[in-house]
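Build the complex: two chains, separate frames, hints provided.
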Amino acid sequence: MIEHFVTPPQWEWYIVWYFFLGGIAGGVYALGAILRLMGDERDAPVARLAFLLSLPVLAVCPVLLTLDLGRPLRFWHMMIDSRTFGLNFKYWSPMSVGVWVLLIFSVFAFVSFLEALASLRSGRPPFLRGGLARAFVTVGAVFGLFLAGYTGVLLSVSNQPIWSDTWALGALFLASGLSVAAATLSLVTRLGRHEQSSEAKLTRADRYFIILELALLVVFFVSLGAAGSRFLAPRWVALWVAVLIGTLVPLALHLSTQRRVPAMLAAVLTLVGGLALRMVVVFGAQM
Amino acid sequence: MARTVGFFTDTTLCIGCKACEVACKEWNQLPGHAPEFGDGYDNTTQLDEQNWRHVQFHERTTAKGGVAWSMMSDVCKHCALASCMEVCPTNAIIRTEFDTVYIQPNVCNGCRDCIAACPYHVIGFDEASGLARKCTFCYDRLQANLTPACAKACPTESIKFGDLTTMKEVAGARLNQLRGQGMSEARLYGDTEYGGLHALFLLTDKPEVYGLPPTESAVLPSRNNARGYLGTLVTAALGVVGAVFAFRERGGKE
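Chains U and S are the protein sequences, given in the same order. Residues in the first sequence are numbered from 1 upward in steps of one, following my numbering. Residues in the second sequence are numbered from 1 upward in steps of one, following my numbering.
Same shape as in the complex, but just chain S (with noise of 0.2 Å):
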């Protein structure tokens, strides 16, 4: 059953309780990495092939000089524009029929051109299985019609699943709704970058406090083959015009 899905993550209402990671971990049996204790509660800390969920903590100074923490459950953003499909050379990441981004594990070989690709640090290389692996939206649920596994076990709703444009709307009303309550350092992240990300996020601070690339800067490695084929060409040009003029002066000369 096709249909165009997403979700909507209010950072919010995150509690920070990573129900979220644990059910993806367990519907995905991802046996995850050994936690890693620094001098926060976040120890899963980045996305990678084994954390396709990840919840970030981020503590900040308001402008009342009080302190505020703010949580969000990061995710593969699912771009209408993606950069990792773009580069792929053997198509193994393909857009589904829910209009998610899904690497193929049967068809990736591993050669990692996805993972420098993506500007959200989300791809990561499974030594193991020797492939490049992310969320898959829970690819199998949506087959049977389920809400993926971290929308589903989020106890506060602050991850919704449900179909794109209901998101957006959800997260239009949602932002209008705490900027009338005046909370001014409100903002939307997902509605242009990259053409539209399956995964809207709503923020309390700058895009890249959260690690997200700014919205001039969401922009598409193709961007650079033009360029960078050219600056190839006018050197390959000048190289050959050295060579010949070397090549032709009568040798043994000096």
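Okay, chain U solo, but in the shape it has when bound (with noise of 0.2 Å):
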């Protein structure tokens, strides 16, 4: 086993939600990507939905980035660097590529959300059609997919005990974002007056999103090996009852009934879940 000696980064809240906001943007532009290439013409409110929701979401992340910082004035650094003005880019580095795949991301969210907004009132879309159309949420789909994992990947590439010591939490980060853009997207349909036919095709995507990060969860744990023995203090005990409650419970809902209110908890549920499993990945290693 790998032996550090590492002081913690200080990465408390403000990337806790950071990671969980930042999957369910990439995730949410996703879901709605795939609805639009592969649903049929019931499901283009859902897929307009997704497009609406990934923005304001999104625009969030760099908010909670930048307060993070010692410097926030300087979060331009990260982009351009200060001395010679030239780009600044590490492929090497996660942070490096993630700032990138931010920027590039929200021209997609972007473009997709404004087209939905005006498809929203003339009931097509308006500049984008066809196979460029199809092919520009696809890319988008591409980056909002890497905006939802490269944060465990992030965490992984440092020698911080427990980051450093799995492969597994960029899978697990991404199959835990798509669930709860999954949940996001329901729970939302759900709130207005959406397709019946969309609302089950979503809860039948969770369910293997579901079982994908359950999978994950058993390969993080078996990958850490005896390092994961740092979870068995009892606040980190709590948050992982919370992230079980949060994948197996609206697991056994989803493939039991497609009521109204259990499926709401369920959506409510993914979402604590989701929360807690960043919450115990970022401070469990931290303290």
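Simulated from the structure, these hints should not be mistaken for lab results. For clarity, every value in this text was computed on a predicted model and none was experimentally measured. There could be a bad hint or two in this list.
Stated by the list, open to error - To give an idea of the chain S side of the interface with chain U (calculated C-beta under 8 Å), a few residues: (1) F57; (2) A116; (3) H121; (4) G124; (5) A153; (6) T156; (7) E157; (8) G196; (9) R227; (10) T232; (11) L238; (12) G239; (13) V240; (14) A243; (15) V244.
Ideal Cβ placement from N, Cα and C applies to all residues, glycine included.
Below, the structure is given as structure tokens:
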């Protein structure tokens, strides 16, 4: 086992919320894109809702990241070398990659948001149609998925015990991000009045995401090995229980019934579980 | 005047006087934290944004049943392959003309990625300035052709300063001398770790006793890039397949 002596970086609530909301923004966009590409015409309203949702959630992310900096006004140093004024990009540093992905993805999220907004009025997409539209949302979805997952890789590419002892964090955050995104989308869908069929599709998709997340939780603990014993302290056990409730209960509800109240409960529990997962991973390694 | 400098800290000569800590704080204008009084002589406790030298005190039982007290003045290792420098997204952390690792205070934006990367517990976050801070190897003194404050102040020459190649020779000779005197537990740390450290240590116990990762643990953060992204990629593929499968099924079937 690798043994390091690392000072915790004091990444706290801003980062936890960024990981959570980044997962929702990226995941919701990807789901919207897949719904648009693979769904039928009845799914169009929910796909549009996904694009309407992604941008506002995404907009919070850079604010959180900037506030977390010791020198918020120097946020641009992430992108531009403040001495040479050339571009800063280090493909081997996930934080550097993430900043660019965040920036590029926000262009996709912005265009898709405008398009969804316009189509809300006119009933059909205003400027992106046919193959171009499909290609656009596909590329956007790739960046969205990256945003939902790279945050785990960012933690792993360090020497911090727990984070750097596993390779599964990016995968785990992505699976959880997709699940949380599906839950967010179905929650908002149910608060409004959309097609029943789209809701059922989201619920079905979330089943797969939850199963994927549960499998990755096992992989996460197996890859940690003895290092995982750190999570045996009562406060971390409590958060892990929240993670399990946020996955197992929604899965059971998805499998058992399609009634309105349990479905909303499932979505809320999924959101709570997704937040608990990021809390326990971020705080658990540092305290 | 470019040159490759190094420290050689000989723990067998350290008397725990902390002159290095004081000299460092004086020269670098570090106010320091309020001391923490535990059950030992160590009230500095760790390297961080205020403590760029830290004298560790280790008490242990010897093979003959006696008590050995070893002290080590810890410092930034200025690694040839530096974890902090590797992850720094702003390029605030640079290698100087002296081959040392330096955080440019006018570039750092306080993201703290370097803190999670340093395997030696060296860098601390300074709340007052909002910056990550650590030993500069007295960059300003080096530029004026002066010896770093800690090495200058050390009364027993436990901390030696010079060209790195010279330091390696001195360290090797000292190791041979101690081993010749029967001190079989003496060992050198820093010759190979992270491409070779610019702060070598002569130890009388295992590295991890001094908070130094064992040689086989001296690995860089970037080791986790490929497998981390690969796992994420596979998950993305599985997730997309799952979503496609779910969305293509005829709606309202259930």
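Now for the hints, and whether the structure bears them out:
The beta carbon of S:F57 comes no nearer than 16 Å to any beta carbon in chain U, farther than 8 Å, and the hint placing it at the interface is violated. Residue-level restraint check for S:A116 holds (minimum Cβ-Cβ distance to chain U is 4 Å; threshold 8 Å). For S:H121, the interface hint holds, since its Cβ comes within 8 Å of a Cβ in chain U; the closest pair sits about 4 Å apart. Restraint check, S:G124 versus chain U: the minimum CB separation of about 6 Å is within 8 Å; hint holds.
A cut of 8 Å between beta carbons decides the hint on S:A153: the least distance to chain U is about 25 Å, and the hint is violated. With a least beta-carbon distance of about 26 Å to chain U, the hint placing S:T156 at the interface is violated under the 8 Å criterion. Below 8 Å, beta-carbon pairs count as interface contacts, and S:E157 has none with chain U, the closest being about 27 Å; its hint is therefore violated. Nearest Cβ of chain U to the Cβ of S:G196: about 18 Å, over the 8 Å cut. The hint is violated.
The interface hint given for S:R227 holds, since its Cβ lies 4 Å from the closest Cβ of chain U, which is under the 8 Å cut-off. Look at S:T232: its Cβ gets to within about 4 Å of chain U, closer than 8 Å, so that hint holds up. Because the smallest distance between the Cβ of S:L238 and any Cβ of chain U comes to about 6 Å, under 8 Å, the interface hint for this residue holds. Checking S:G239 against chain U: minimum C-beta separation of about 5 Å stays under 8 Å; hint holds.
With a least beta-carbon distance of about 7 Å to chain U, the hint placing S:V240 at the interface is held under the 8 Å criterion. This hint holds: S:A243 has a C-beta 5 Å from the nearest C-beta of chain U, less than the 8 Å allowed. With a least beta-carbon distance of about 5 Å to chain U, the hint placing S:V244 at the interface is held under the 8 Å criterion.
Of the numbered hints given earlier, the model fails hints 1, 5, 6, 7 and 8; all others are met.
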